[in-house]
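Chains as they are written, first to last, in my numbering: chain B, 7 to 337; chain R, 7 to 337; chain D, 7 to 337; chain V, 7 to 337; chain F, 7 to 337; chain X, 7 to 337.
No lab work stands behind these hints, which were simulated from the structure alone. Check each hint, because a few of them may be wrong.
As the list makes no split between identical chains, a pair holds if one copy fits it or if it spans any two.
To be verified - When the alpha-carbon atoms are kept at most 27 Å apart in a straight line, the in silico BS3-like pairs for lysine-lysine are as follows:
1. Lys-32 with Lys-230
2. Lys-254 with Lys-216
3. Lys-82 with Lys-32
4. Lys-254 with Lys-82
5. Lys-125 with Lys-159
6. Lys-230 with Lys-82
7. Lys-32 with Lys-216
8. Lys-297 with Lys-310
9. Lys-82 with Lys-297
10. Lys-251 with Lys-151
11. Lys-251 with Lys-235
12. Lys-335 with Lys-230
These figures come from a predicted structure and were not determined experimentally.
There are 6 protein chains.
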Amino acid sequence: MSSYPYPLLNPPPFSWTRGENVSEPKVHQWIEPIDAHHQEEWGAYDAVILGVPLSRSSISASSASENPEAFRRAWKSFTTYNLDEELDLSELRVVDLGDVREHVTDISICHQNIRDAMKAIQSNHPNSLPIMIGGDHSITAQLIKGYKDIHPKERVGILQLDTHFDLRDLTDNGPSNGTPIRNLLENQVVRGEDVYNIGLHGFFNARSLKTYADEAGVNYMTMKEARQKGMEQVIGEALSKLEAKVDKIYFTVDMDVLDISAGPGAPAATPGGMYVHELLEAVQIAGASQKVCAMDIVCLDPTKDVAQATVKTGVHVMLSFLTGFMQRKEQ
Amino acid sequence: MSSYPYPLLNPPPFSWTRGENVSEPKVHQWIEPIDAHHQEEWGAYDAVILGVPLSRSSISASSASENPEAFRRAWKSFTTYNLDEELDLSELRVVDLGDVREHVTDISICHQNIRDAMKAIQSNHPNSLPIMIGGDHSITAQLIKGYKDIHPKERVGILQLDTHFDLRDLTDNGPSNGTPIRNLLENQVVRGEDVYNIGLHGFFNARSLKTYADEAGVNYMTMKEARQKGMEQVIGEALSKLEAKVDKIYFTVDMDVLDISAGPGAPAATPGGMYVHELLEAVQIAGASQKVCAMDIVCLDPTKDVAQATVKTGVHVMLSFLTGFMQRKEQ
Amino acid sequence: MSSYPYPLLNPPPFSWTRGENVSEPKVHQWIEPIDAHHQEEWGAYDAVILGVPLSRSSISASSASENPEAFRRAWKSFTTYNLDEELDLSELRVVDLGDVREHVTDISICHQNIRDAMKAIQSNHPNSLPIMIGGDHSITAQLIKGYKDIHPKERVGILQLDTHFDLRDLTDNGPSNGTPIRNLLENQVVRGEDVYNIGLHGFFNARSLKTYADEAGVNYMTMKEARQKGMEQVIGEALSKLEAKVDKIYFTVDMDVLDISAGPGAPAATPGGMYVHELLEAVQIAGASQKVCAMDIVCLDPTKDVAQATVKTGVHVMLSFLTGFMQRKEQ
Amino acid sequence: MSSYPYPLLNPPPFSWTRGENVSEPKVHQWIEPIDAHHQEEWGAYDAVILGVPLSRSSISASSASENPEAFRRAWKSFTTYNLDEELDLSELRVVDLGDVREHVTDISICHQNIRDAMKAIQSNHPNSLPIMIGGDHSITAQLIKGYKDIHPKERVGILQLDTHFDLRDLTDNGPSNGTPIRNLLENQVVRGEDVYNIGLHGFFNARSLKTYADEAGVNYMTMKEARQKGMEQVIGEALSKLEAKVDKIYFTVDMDVLDISAGPGAPAATPGGMYVHELLEAVQIAGASQKVCAMDIVCLDPTKDVAQATVKTGVHVMLSFLTGFMQRKEQ
Amino acid sequence: MSSYPYPLLNPPPFSWTRGENVSEPKVHQWIEPIDAHHQEEWGAYDAVILGVPLSRSSISASSASENPEAFRRAWKSFTTYNLDEELDLSELRVVDLGDVREHVTDISICHQNIRDAMKAIQSNHPNSLPIMIGGDHSITAQLIKGYKDIHPKERVGILQLDTHFDLRDLTDNGPSNGTPIRNLLENQVVRGEDVYNIGLHGFFNARSLKTYADEAGVNYMTMKEARQKGMEQVIGEALSKLEAKVDKIYFTVDMDVLDISAGPGAPAATPGGMYVHELLEAVQIAGASQKVCAMDIVCLDPTKDVAQATVKTGVHVMLSFLTGFMQRKEQ
Amino acid sequence: MSSYPYPLLNPPPFSWTRGENVSEPKVHQWIEPIDAHHQEEWGAYDAVILGVPLSRSSISASSASENPEAFRRAWKSFTTYNLDEELDLSELRVVDLGDVREHVTDISICHQNIRDAMKAIQSNHPNSLPIMIGGDHSITAQLIKGYKDIHPKERVGILQLDTHFDLRDLTDNGPSNGTPIRNLLENQVVRGEDVYNIGLHGFFNARSLKTYADEAGVNYMTMKEARQKGMEQVIGEALSKLEAKVDKIYFTVDMDVLDISAGPGAPAATPGGMYVHELLEAVQIAGASQKVCAMDIVCLDPTKDVAQATVKTGVHVMLSFLTGFMQRKEQ
């Protein structure tokens with residue numbers, strides 16, 4: 007079945023076998039490597055995947071930088087066929103661009119590289135949906151800035167699943183993982199009223215951040231309220247409101263939105279958070295929105311994971327999002 | 007309280023104390039060892055337990071072979087009294103037959119031994135309910151074949167809780183843990199229409215397996231749908247349909263049906279799976295069906311478990327099943 | 007921002023920084039140390055926290071004695087602001103009294119010290135709500151006895167969240183963690199009809215304990231029933247009934263009430279238990295009851311925890327309880 | 007090969023198969039269970055094994071009480087044949103008496119039971135070598151007292167491998183695991199000059215304990231010095247000196263004598279301790295001394311072990327000691 | 007520095023970057039992938055690496071099958087430059103052939119494939135040194151048989167570092183990991199006198215295996231004796247004796263030869279085994295022998311490893327062996 | 007015994023109890039907190055301890071920033087009395103200054119703060135021996151620069167225990183943890199000939215770094231050679247040579263010098279490294295050198311540690327160094 011030239015042998019198990027012509031691929035056999043020699047095809051992808059292995063910008067010590075590699079290893083255990091929706095992701099063409107190059111001791115270079123990478127994606131793959139695998143939440147500010155660099159006239163909104171506001175003051179410790187939304191608001195990249203954050207709860211946000219959110223007009227709903235209303239309705243309403251006022255929606259999933267029992271690999275996950283089935287449902291709905299133009303998955307530290315539970319849930323988030331994306335295209 | 011002959015001493019804690027005459031037994035004090043010298047009593051058991059420590063037939067490296075021993079250690083922390091149902095399992099007589107002998111390097115001998123063990127059970131304990139503790143899912147095919155060897159005229163259906171179809175092609179890699187249902191269909195042991203699989207979901211089954219299932223007439227319901235309808239109704243309906251057409255129902259629980267947050271010891275458990283309370287509810291209902299003639303619990307690898315969560319859930323599955331079984335007898 | 011005298015330095019990270027004048031404190035910056043030099047202020051606290059590091063009285067080997075220290079470390083990651091309720095716990099004054107001194111080889115001295123500590127609290131802080139961090143469940147009997155020593159005429163009831171009855175016979179092994187409720191009943195400290203235990207289930211209580219509970223008039227509801235009715239209603243009803251007949255309610259949370267997937271650090275947690283969001287909801291309602299006079303959190307062994315999930319859930323239980331307490335004061 | 011009555015089946019893997027007539031036994035097949043019905047044979051054993059599952063007397067929280075069970079599970083992976091010495095332990099008759107019954111909340115009862123158990127052993131098995139599997143080090147005082155109860159006229163010395171003096175003041179916290187040697191000295195059971203402690207080092211003993219040791223005439227040698235001189239010579243000399251003045255030598259191995267890299271399951275193991283090969287060498291030499299009359303292995307907490315390294319080393323200590331014992335008999 | 011075509015990006019971190027023209031490569035950048043299109047170069051490699059991911063032939067449940075992948079991941083943290091010997095392995099050309107294809111349920115097919123793979127190596131790379139990464143020890147018998155199929159007239163000896171004889175009876179459980187040496191002796195592939203096994207010790211070999219070894223003339227030395235004599239001398243003597251009588255020496259390293267404190271990932275490692283520096287010294291000397299024609303590393307289960315200690319030691323064994331090989335060439 | 011004002015209570019177990027007047031202190035009771043109100047005493051300390059919680063400058067993701075807190079927790083299990091040397095560290099006055107304040111996203115600010123902290127120490131505590139607890143190895147460059155800022159005329163040499171040269175090119179990734187020695191050489195802070203690095207080995211340094219070391223005249227010795235010569239002699243010779251040419255010696259211990267079996271918490275520890283007893287011996291000798299003016303302990307990531315082995319070894323390194331320091335003063 008394999009095309010490996012040596013009789014009786016399989017290639018080394020983590021070599022670049024992507025893009026093989028396999029009838030029923032696993033995810034790693036479906037996602038293609040970028041091909042430098044056929045740049046004319048770069049625009050033809052439905053989606054592009056970009057690893058953003060930066061977590062030295064985290065307030066707490068984090069190895070979320072290891073997550074892109076962890077994702078690539080974990081998605082080998084997923085097929086492309088979604089049984090729930092009877093839909094095969096392999097009908098999409100998806101390319102893996104590799105990882106943004108990071109500097110060891112100068113975080114501002116890292117952030118610039120991330121912004122530039124998003125610009126390059128927008129230039130080279132204008133019709134593709136970018137999916138970014140963090141890394142910590144500081145990257146979201148850079149990615150949206152990069153997007154806006156190319157599309158300065160678009161009004162961009164944010165749908166955020168998160169335990170935290172991410173509205174900390176940048177003058178305290180610079181553009182850390184606690185600041186991305188404030189970073190975008192203060193730089194007039196996004197308006198407060200165009201941010202919808204779902205899943206906040208409990209004792210994990212200082213009061214001043216809530217005050218700031220209220221003053222900035224940021225929209226948010228606690229996990230408790232979201233659970234009572236039902237995830238389908240809550241996400242649907244947020245998307246409807248956003249679609250009515252913005253041109254494009256950036257979707258960001260902070261894995262610490264998970265309940266602590268479900269997210270050992272998201273060190274900031276807390277008691278009272280989202281359960282796995284709620285998260286997957288929310289993500290698929292977001293993927294189906296015509297205006298969602300990009301997404302990221304952040305703050306997942308695979309070195310702290312247990313039984314790969316959080317990493318696999320993260321990969322499923324990506325695939326559920328792409329499921330919504332396929333459904334969007336079929337509408 | 008103990009009858010150990012040495013004053014002040016307790017016997018070694020894992021010695022064979024089963025079958026002691028204890029007023030309020032723990033599970034290990036209730037389940038009896040098989041007694042070679044009183045073979046005339048062999049037919050009097052309500053249920054027989056059989057360990058099937060085979061997992062070298064697993065596609066992925068597995069230590070599910072260690073699970074029968076893990077169960078026997080873990081059930082010491084369970085009483086026989088079910089508070090929810092105000093019912094005491096110790097009114098049942100249950101015997102532990104030990105484990106099927108396995109061959110190290112010839113899996114076909116293992117499979118034959120498993121089949122023969124089920125035949126022996128059907129002969130020696132014709133009125134007992136067999137409960138098999140795997141081991142991987144390949145054993146289910148052998149166990150049902152063994153059952154049919156003794157009861158060739160019975161039409162046997164399957165109720166399956168699983169993340170996977172288990173319908174892989176046997177010509178690829180032989181009778182592995184991905185193949186048991188197909189094995190039974192292709193050998194005309196069970197009909198496709200007599201299989202009900204509940205709990206499948208997500209990206210864990212190739213499209214061709216779904217096609218095969220459809221062509222074979224296998225019945226299945228995704229986890230998402232089952233959760234929406236409610237486990238009680240879903241299992242009830244599946245059992246009703248089966249009861250209307252088959253003579254006997256074999257019940258098989260692949261522990262990977264659990265959500266990944268609840269099943270660290272089931273390495274194939276995935277995001278979006280069944281929660282513990284849903285599983286226990288489903289199992290008890292199945293135990294209460296008059297036509298359920300045997301059950302197994304498979305694909306639980308205790309060496310990967312965390313805080314014994316999955317092993318204890320597995321033991322509870324067995325006890326909840328026996329709870330249903332007692333309720334069935336009381337009807 | 008810090009007042010540490012040495013330029014550029016922060017104090018050692020776990021030194022006693024509590025009671026600092028910080029505008030938006032973390033929990034450890036809000037809870038005050040007891041100040042020996044201003045004993046006149048001892049009565050002014052809204053709540054007092056007492057560590058009870060005793061677990062050598064546990065039937066199974068336990069390191070729950072390490073839990074008070076684990077709590078104090080873990081609560082540094084919580085703010086005092088509760089976003090769900092838009093309420094700031096820092097408006098309460100809370101003092102940490104430290105830990106009850108324990109004897110290594112004489113458990114009766116430990117128990118006497120615990121009882122005396124509660125008496126001292128009732129004398130020194132008559133208007134404060136005591137919150138005790140165990141240790142194992144044997145401490146509850148001593149704490150309620152100490153309370154009754156000071157308030158002999160009050161009729162005290164118990165609201166208990168637990169997988170177990172805790173009604174074992176004291177003549178077997180003395181006042182272990184399996185006996186606190188029976189200890190109180192047999193000593194006429196509390197009446198059976200004044201005990202409400204919610205969350206029991208499955209195969210974790212011998213039949214004789216249920217019989218004892220019934221004969222003693224202890225009220226209880228299984229987890230299954232509580233989940234069907236809804237936690238809000240169940241706890242509300244139990245509190246209403248208690249409030250109608252007793253003067254004060256002691257609230258005790260055995261962390262083993264959690265489902266095993268959510269409570270790796272509660273070694274007696276079992277399959278089929280309470281989920282995190284259910285527990286937090288129950289606790290907050292209890293905190294809001296005007297008659298609840300004290301609470302404890304027991305049987306959490308941090309050395310067995312995974313990803314701090316159970317310890318953080320335990321801390322959240324304390325904070326959710328205080329949230330209810332603030333709401334009570336605002337009524 | 008197995009005599010299990012059921013064709014194709016093996017008995018449950020941890021049932022009491024000891025004492026089977028197996029030509030080349032594993033350790034669990036060689037060590038016999040005590041047989042209540044043939045008490046006339048009780049005196050014929052070469053050695054008796056006694057589990058002493060007490061660790062609630064430990065200063066730090068400990069689960070060393072789980073160690074006897076851990077040993078019995080672990081020794082299944084050892085044969086009786088010692089390749090180094092070309093000697094087969096199965097030529098000895100060894101019986102497992104089970105475990106001393108412990109009380110949950112009264113440690114003085116536990117200690118009395120342990121003392122009584124040793125008295126029973128000396129009465130029932132006067133010619134057998136007792137090997138005690140702790141438990142914490144507090145048991146050593148009780149075991150030697152029990153021995154002396156039966157042999158009041160014998161002068162008993164102690165050879166101790168330990169990181170600590172175990173000379174703490176009993177008036178502080180009672181007969182904890184820090185006190186056994188002092189307990190014996192103060193009660194005139196053993197003389198200071200008859201104690202030889204090897205392996206102490208570093209920052210793990212208060213100065214006053216050294217002063218006490220010096221004043222009491224206790225002999226000791228640091229690990230550093232022992233390593234320089236060589237374990238064979240050091241142990242040989244200590245035994246020679248002891249043999250010259252006492253009637254019997256009790257040998258006690260505190261597993262915390264191991265270097266921390268080799269003893270994860272001995273929580274008090276420290277940097278700079280003994281390596282595995284040094285420990286095994288020391289133990290075998292001690293076993294060969296004609297005057298060594300009993301031994302114990304203490305302070306091994308299997309719940310903290312990693313990869314079973316410390317438990318297996320502990321079992322090997324027992325077997326190496328028996329190797330020396332066989333060599334003694336052959337002299 | 008990187009030649010990746012996309013500005014600012016690095017390729018996915020585990021893609022096939024081997025064989026890049028990097029001035030100071032890490033091991034994964036040095037070892038080349040096999041190139042199907044330039045088969046004329048296949049003979050030019052100094053060494054070939056072959057993964058043999060078979061462990062379902064293990065007596066105990068094992069995931070040693072995962073080891074080739076673990077090696078390939080771990081060797082990224084090693085440079086090619088050996089500072090101790092001031093020698094750069096990158097002067098050698100080494101190719102990675104990938105893994106032998108294994109069958110899931112028919113171990114005899116696996117064994118045949120392994121044998122055939124060695125034959126293919128001998129044909130396609132006649133001048134290369136094969137290094138096999140197991141997998142369990144059963145593969146050694148197949149690899150040597152495959153070698154002999156191509157070189158039937160050569161007399162092949164074995165240098166073995168192992169805790170065990172690996173001389174179990176094949177009629178018991180077939181060609182398991184306990185049998186490879188006996189398999190070769192009984193099939194007249196190797197003579198008993200041409201086997202030198204170093205590192206056996208303790209209670210891990212039944213007496214009958216020693217008797218068999220003696221009768222077969224197998225040479226062996228215990229770890230204790232080897233440590234006393236010094237590893238350099240012991241290995242040197244064994245090689246000298248072998249070189250004097252055989253044509254070629256096959257070198258096999260069972261990682262369970264390590265002391266249990268150093269080999270958590272070698273589940274059969276035992277107390278009293280080899281320390282890391284001793285193993286590395288032994289391996290380098292073996293690599294330097296002119297007659298050593300192949301080597302394998304077996305019985306390392308990376309799923310049980312702690313802190314990657316055993317996997318990294320295994321990779322170092324491979325590199326130390328190649329160091330010796332380079333020194334051999336320079337002689 | 008405790009002076010805590012509340013009867014029967016102990017203070018919270020990790021509060022600042024240092025500097026208490028305890029007759030036989032544990033390390034945390036001996037080391038004093040800095041007292042802002044008695045600045046006149048600041049110069050009277052024998053040694054000052056400074057935490058340097060920076061590891062975002064690490065090439066690989068690291069949580070070595072958590073190490074100062076881990077040290078402070080772990081040293082509670084150490085006494086001040088060194089039994090080997092019969093010497094009590096509590097005769098020294100040692101102060102804990104707390105931790106250098108770090109910036110989240112600007113590493114150059116972190117490095118400047120570290121340098122300034124060392125300058126402040128040299129000014130405020132001119133007669134004290136500074137001991138720095140890292141953090142990663144990048145801090146060493148800053149600390150020595152800070153020292154030189156105050157003592158510009160002193161010639162400072164370095165004694166380094168390390169697996170690596172730490173001579174990477176700063177133009178690649180800035181002043182990361184791979185560069186400190188080169189940083190100092192290129193900035194003419196230290197001369198190559200004044201650096202002695204002991205413990206390098208294996209495949210962990212690129213050839214170009216060795217070339218650079220040779221050209222810069224850096225002195226180094228492999229672990230293998232050091233073990234053969236004996237640690238005492240090797241360290242003694244290096245110190246003698248340094249003492250002959252420099253004014254002061256800075257001693258830096260990279261914990262990755264440990265063998266991988268002994269250093270799970272030092273992620274860069276490798277096979278073939280130093281054993282614990284060798285490290286402790288080396289450190290004590292260094293502490294005794296009259297010219298050693300400061301020391302640091304780096305690259306210990308407590309979140310990866312197992313059984314606290316590496317953290318406790320790190321604390322012992324600090325205490326062994328202070329032991330040497332006391333011996334120096336007594337000379």
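Going down the list of hints, with the structure as the test:
In this assembly of identical chains, Lys-32 and Lys-230 lie within 27 Å of each other by CA distance solely across copies; the values are 22 Å between and 36 Å within a copy. Taking the shortest alpha-carbon separations for Lys-254 and Lys-216, only the intra-copy value of 25 Å comes in at or below 27 Å, while the best inter-copy value is 36 Å. With identical chains, the CA atoms of Lys-82 and Lys-32 are at most 27 Å apart both within one copy (6 Å) and between copies (25 Å). For the homomeric pair Lys-254 and Lys-82, neither the shortest alpha-carbon distance inside one copy (32 Å) nor that between copies (38 Å) is at most 27 Å.
In this homomeric assembly, Lys-125 and Lys-159 come within 27 Å of each other (Cα to Cα) only inside a single copy, at 15 Å, whereas the closest approach across copies is 51 Å. In this assembly of identical chains, Lys-230 and Lys-82 lie within 27 Å of each other by CA distance solely across copies; the values are 23 Å between and 35 Å within a copy. Within a single copy, Lys-32 and Lys-216 get their C-alpha atoms only as close as 43 Å, which misses the 27 Å cut-off; across copies the closest is 15 Å, which meets it. Taking the shortest alpha-carbon separations for Lys-297 and Lys-310, neither the intra-copy value of 34 Å nor the inter-copy value of 42 Å comes in at or below 27 Å.
In this assembly of identical chains, the alpha carbons of Lys-82 and Lys-297 never lie at most 27 Å apart, being 30 Å within a copy and 40 Å across copies at closest. Proximity of Lys-251 to Lys-151 under the C-alpha cut-off of 27 Å is restricted to the intra-copy arrangement: shortest distance 19 Å within a copy versus 56 Å between copies. In this assembly of identical chains, Lys-251 and Lys-235 lie within 27 Å of each other by CA distance solely inside one copy; the values are 23 Å within and 36 Å between copies. When the C-alpha separation of Lys-335 and Lys-230 is checked against a cutoff of 27 Å, the pair qualifies only between copies, where the shortest distance is 23 Å, while the shortest distance within a copy is 32 Å.
Checked against the numbered hints above, the structure violates hints 4, 8 and 9; every other hint is satisfied.
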